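Asker: Just so you know, the sequences run in chain order A and B.
For the first sequence, the working numbering begins at 1 and goes up steadily by one.
For the second sequence, the working numbering begins at 1 and goes up steadily by one.
It is worth saying that the hints were derived from the structure and are not from the lab.
In this text the structure is predicted, and so the values were computed from the model without any measurement.
Heads up, some of the hints might be wrong.
With beta-carbon atoms standing in for the labels, derived distance ranges [said to hold, decoys possible]: (1) TYR20(A) x GLY291(B): 51 to 57 angstroms; (2) ARG19(B) x ARG235(A): 53 to 59 angstroms; (3) PRO265(A) x ILE35(B): 30 to 36 angstroms; (4) ARG17(B) x ARG260(A): 55 to 61 angstroms; (5) GLY21(A) x LEU51(B): 50 to 56 angstroms; (6) LYS36(B) x GLY46(A): 39 to 45 angstroms; (7) ARG21(B) x ASP223(A): 24 to 30 angstroms; (8) LYS106(B) x GLY46(A): 19 to 25 angstroms; (9) LYS20(B) x ASN119(A): 18 to 24 angstroms; (10) ARG17(B) x PRO8(A): 22 to 28 angstroms.
Note that CB positions come from ideal geometry on N, CA and C, so glycine has one too.
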Amino acid sequence: MEDISQNPVLIQAKGLSKRYGEFVAVAGIDFEVKKGESFGFLGPNGAGKSTTMRIIAATLNRSSGEITILGKDPEKYGPEIKAHLGVVPQTDNLDNNLTVEENLFVYGRYFGLSKKFINSKIEELLDFAQLVEKRSVKVETLSGGMKRRLTIARALVSEPEILMLDEPTTGLDPQARHILWDRLFRLKEQGVTLLITTHYMDEAEQLCDRLMVMDKGSIMAEDSPAGLIKKYSTREVLEVRFGSDRNATIAPELQKLVERIEVLPDRILMYADDGEVILHLLKEKGMHPITSLVRRSSLEDVFLRLTGRTLID
Amino acid sequence: MSNNLRQGSLHIVNVSRIRKRGALSISEGRIRVMIKWFWSNLAAAALSPTLYLLSIGIGVGKLINTHSGGVDGVKYLTFLAPALLATAAIQNAMDEAVFPTLDGFKWSKSFFAMNATPISSSQIADGILIAALVRTFFSVTIYGCTIYFFGGFSSLRGWLAIPTALFAGAAFGAFILGIAAATNNDDSFFMILGRFVMMPLFLFSGTFYQLATMPFYMRWIGLGIAAATNNDDSFFMILGRFVMMPLFLFSGTFYQLATMPFYLRWIGWISPLWHATELSRYFTYGHRLSGVMVLVHAGFLIAMFIFGLHNARKQFTKRLSK
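Could you build the full structure based on these sequences and the hints that come with them?
Answerer: So, in structure tokens, the structure goes:
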């Protein structure tokens, strides 16, 4: 993949905050997104991801701080910014009164595009969203995955500079998620700038070049998925279960064997570069877990390290 | 395939054009939905007038026979036509302001999708209102033709009732649009609108005739329909078109405003229907009205339109930026 570090900056935020009375939704964050980059906001519900997305999309005013999108302030140049964004909101807001094709057409008209342009674009988008056979079907009869793909296709009708996806696969079954990831990955390959929020670590790993881990309105860390894992976790993780009664009592023993452990309600995570070696060591010392599993570290571990909590709780 | 999903918005999206024409794009989308319901819209536009005019043919025929000489110096139907058209315009504008707005904010949330485009919140409000008035114009024109067919226009001037009715629709539509945008609980909204707004507007705007002038055998219709439709919210649309309106007609509890007790007349004064009807009667057959009152009636509708649209834009902006 081409080097994007030299590309122009499309979004720049400094000390960006959003408060609702006493509640701080976004607490003074700084970030930059470059053209062609696939940038993700990873964090649990309520971390401030969607709020940040809405500020970028020029549909919510910030409380303080600075932000520019395509070099413009969204509070002064809302329509000028929105003209170059494709927005896929968390919940689909398609027009249920219209067919698949008509949804694309009408939305294109909102961008002031000519009928001729939109009609040729529709063919391409239906193909992209794998909805060619469903073109004349009313939206309300579509499955969740189809609606999601249509919402993404709709956001692409104006050939946006930046495609923003808020929780793109939440609520979809595994197969529908994989189809969607494949579609998004194609866009990424074409050099579309993607902005994604998710609380799924696998999604973040699949789609994002660079991630900002958010919690309670603040940035906890920022790097590539691999960089985050390298920085905040070990190469592997050994998951062991001793039964819910024994987990807590045995934990101090386990702590002596590795640099770091995490005691979860149902299991203990032992961080090590080689999990098999540690498992072997456990057995030598006469500690026999009921179940054990060696796996690679994931963003879930990064999040646990940074916040002391799991992503989905 | 899809190899030219290029990012070209910088080249293909023209923001200054959207600033000028964005509201029309919203209307275009709305009208596309209305066209899907063309035949039922046409039936609604033609059927309820026919019901009215038939009921009046029976109810009012008797009245005219008894008192021989019409009302206000003209045939009763000529007297009534402006009120009927204004009523239809207000009803149509209300439906097309309320339903798409509740849908856009609450049911399908499509307004939030529109708000993600370069179109402003105010333009969304404007677009919905324009589409509502296109529909209103369509319905009122068909209604006007029906009245013409029944001989309700005494001269060509009678057709002036159509633009006047549209004017009333614009004023009331704009007013209701802002209220609908501020409404979260749609069930109670319908109930309040139907029972406490629309009903008094029709009843106290000096539109129709007294129940006593109806043949006795017709009176049961009003009571029967009232009993059958008690609290059935799911058929609100059908009720509004085919039941509520005939209900008013066949129940015939209507007075001229001047014959009403003074403490009830204020309902007429705040009703756009009364102002539009007075104005329309003045235009269509020369109903006696002082210059000042012409200005008052027109001014009321203009003020309602301006305030309504201003408030609608404000409510749309507020709700979309929450």
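Asker: State for each hint whether it applies.
Answerer: Comparing the hints with the structure gives:
Evaluation of the 51 to 57 angstroms hint for TYR20(A) and GLY291(B) yields a pass: the beta carbon distance comes to about 54 angstroms. Against the hinted window of 53 to 59 angstroms, the Cβ-Cβ separation of ARG19(B) and ARG235(A) comes to about 55 angstroms, which satisfies the hint. Between PRO265(A) and ILE35(B) the C-beta distance comes to about 58 angstroms, which lies outside the given range of 30 to 36 angstroms. Against the hinted window of 55 to 61 angstroms, the Cβ-Cβ separation of ARG17(B) and ARG260(A) comes to about 59 angstroms, which satisfies the hint.
Hint check: GLY21(A) to LEU51(B), Cβ distance near 54 angstroms, so the stated range 50 to 56 angstroms holds. Between LYS36(B) and GLY46(A) the Cβ separation comes to about 40 angstroms, which falls inside the hinted range of 39 to 45 angstroms. For ARG21(B) and ASP223(A), the Cβ-Cβ distance of about 45 angstroms falls outside the hinted range of 24 to 30 angstroms, so the restraint is violated. Hint check: LYS106(B) to GLY46(A), Cβ distance near 23 angstroms, so the stated range 19 to 25 angstroms holds.
Under the hint 18 to 24 angstroms, the C-beta atoms of LYS20(B) and ASN119(A), about 23 angstroms apart, fit the expected range. Roughly 26 angstroms separates the CB atoms of ARG17(B) and PRO8(A), a value that falls within the hinted 22 to 28 angstroms.
Checked against the numbered hints above, the structure violates hints 3, 7; every other hint is satisfied.
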